[in-house]
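Work the whole structure out from these sequences, hints included.
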Amino acid sequence: MKEIIKIGWQTLKKPSAYFSLGFLVIGGFIAGVIFWGGFNTALEATNTEEFCISCHEMENNVYEELKTTIHFSNRSGVRATCPDCHVPHKWTDKIARKMQASKEVWGKIFGTINTRDKFLAHRKRLAQNEWTRLKANDSLECRNCHNFDYMDFTAQSSRASQQHSTSLADGEKTCIDCHKGIAHQLPDMKGVEGW
Amino acid sequence: MKTMINHLVKTLVLSILFTTSVLAADKHVATLRGEVNIDTQAEPSAIANTVNKDIKQGRNYPMQPPVIPHKIRNYEVNLNSNKCMSCHSRNRTEESQAPMVSVTHYMDRDGNFLAEISPRRYFCNQCHAPQKDVKPLVENTFIDMHTLMKSKVNTKNEH
Numbered sequence: 029m030k031e032i033i034k035i036g037w038q039t040l041k042k043p044s045a046y047f048s049l050g051f052l053v054i055g056g057f058i059a060g061v062i063f064w065g066g067f068n069t070a071l072e073a074t075n076t077e078e079f080c081i082s083c084h085e086m087e088n089n090v091y092e093e094l095k096t097t098i099h100f101s102n103r104s105g106v107r108a109t110c111p112d113c114h115v116p117h118k119w120t121d122k123i124a125r126k127m128q129a130s131k132e133v134w135g136k137i138f139g140t141i142n143t144r145d146k147f148l149a150h151r152k153r154l155a156q157n158e159w160t161r162l163k164a165n166d167s168l169e170c171r172n173c174h175n176f177d178y179m180d181f182t183a184q185s186s187r188a189s190q191q192h193s194t195s196l197a198d199g200e201k202t203c204i205d206c207h208k209g210i211a212h213q214l215p216d217m218k219g220v221e222g223w
Numbered sequence: 069m070k071t072m073i074n075h076l077v078k079t080l081v082l083s084i085l086f087t088t089s090v091l092a093a094d095k096h097v098a099t100l101r102g103e104v105n106i107d108t109q110a111e112p113s114a115i116a117n118t119v120n121k122d123i124k125q126g127r128n129y130p131m132q133p134p135v136i137p138h139k140i141r142n143y144e145v146n147l148n149s150n151k152c153m154s155c156h157s158r159n160r161t162e163e164s165q166a167p168m169v170s171v172t173h174y175m176d177r178d179g180n181f182l183a184e185i186s187p188r189r190y191f192c193n194q195c196h197a198p199q200k201d202v203k204p205l206v207e208n209t210f211i212d213m214h215t216l217m218k219s220k221v222n223t224k225n226e227h
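Which chain is which? The protein sequence lines are S and X, in order. Going by this note's numbering, 58 is the number at position 30 of the first sequence; the sequence numbering is gapless. Going by this note's numbering, 106 is the number at position 38 of the second sequence; the sequence numbering is gapless.
Honestly, the hints are just simulated from the structure, not real lab data. Cβ coordinates follow ideal geometry from the N, Cα and C atoms, glycine included. Some hints could be false.
[What the hints assert, rightly or not] No farther apart than 35 Å at their CA atoms in a straight line, the calculated lysine-lysine pairs in the DSBU-like style are these:
| # | chain 1 | residue 1 | chain 2 | residue 2 |
| --- | --- | --- | --- | --- |
| 1 | S | K122 | X | K151 |
| 2 | S | K95 | X | K203 |
| 3 | X | K224 | S | K131 |
| 4 | X | K124 | X | K220 |
| 5 | S | K42 | S | K118 |
| 6 | X | K151 | S | K126 |
| 7 | X | K151 | X | K218 |
| 8 | X | K139 | S | K218 |
[Said to hold, decoys possible] Here's a subset of chain S near chain X, in silico, CB distances under 8 Å, partners left out:
| # | residue |
| --- | --- |
| 9 | T97 |
| 10 | D216 |
| 11 | G219 |
Printed below as a string of structure tokens:
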């Protein structure tokens with residue numbers, strides 16, 4: 029084993045005997061572009077709603093629930109897809125989230141939530157994951173679309189403007205504190221703060 | 069031949085008379101269909117907006133469950149959660165500034181007070197309903213008892 033690593037390291041250390049420097053530089057650049065482009069294309073392909081609901085766990089549970097909510101159907105026709113709320117838009121945050129999501133692949137392979145009953149049994153834990161994430165990043169995914177700076181309080185109902193102009197404005201509360209269950213059904217809310 | 073034509077004309081006239089009378093009678097029958105023929109689909113009226121003013125509406129009689137003056141789209145009231153109670157329960161009203169559900173909602177049927185909302189009062193929408201901004205389909209002849217008492221006093225004074 030040690031020998032193999034040693035040989036490999038020595039090969040990398042030695043200058044190239046057959047290929048020109050130009051070939052290596054230009055070839056390396058082109059290979060890099062292809063690799064990087066391919067990687068990002070694949071990443072974006074996993075970042076679509078079609079990809080999410082290609083698994084029945086997502087299509088038959090959370091997607092069905094989303095359909096009845098305002099984030100799916102509303103007067104202006106702007107709708108949120110799965111990654112809009114569940115994946116950050118910034119590249120570094122996105123990669124971090126995608127690495128966490130590898131656990132979901134594990135769950136898919138071993139059928140952790142492959143029936144409705146199993147899904148409901150896990151719902152509270154799954155919901156809490158999302159609440160903690162949104163609480164920690166100050167509801168970043170909500171704010172990708174809902175920008176506080178451009179909220180017109182006068183267009184909101186009195187109840188909404190009262191709460192948005194106080195608790196939300198001074199940063200005491202973040203979106204998810206009040207808007208739990210905005211896009212999917214809620215788990216058992218016993219013991220959850222504010223319920 | 070002549071009698072046959074005569075017969076035909078008579079039947080025709082009779083049938084016309086009959087159908088018109090039926091049609092005329094139709095107009096006087098109160099139906100939910102309105103003026104729409106039986107073989108055509110009625111055009112549904114537009115869905116009205118829910119009243120969302122957050123201002124308390126008066127009650128028409130003392131025991132009327134107060135109506136909901138705001139939207140409740142997607143509010144879940146089920147085994148897992150009760151969205152209404154996240155504002156209207158006793159221990160949430162300080163933060164939400166919403167009216168607390170009356171204390172009777174915490175009583176069981178034997179009059180004992182419970183820590184949580186009584187299961188028989190759990191489903192808010194059984195009694196409380198959000199309102200739409202529409203004209204009533206049927207005229208309401210209900211008279212509030214205060215109006216009734218006032219008119220009684222007035223008639224007494226007249227005598």
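ask   = Looking back at the hints listed earlier, which ones does the structure fail to meet?
value = Checked against the structure, the hints that fail are numbers 3, 5, 7, 11, while the rest are satisfied.
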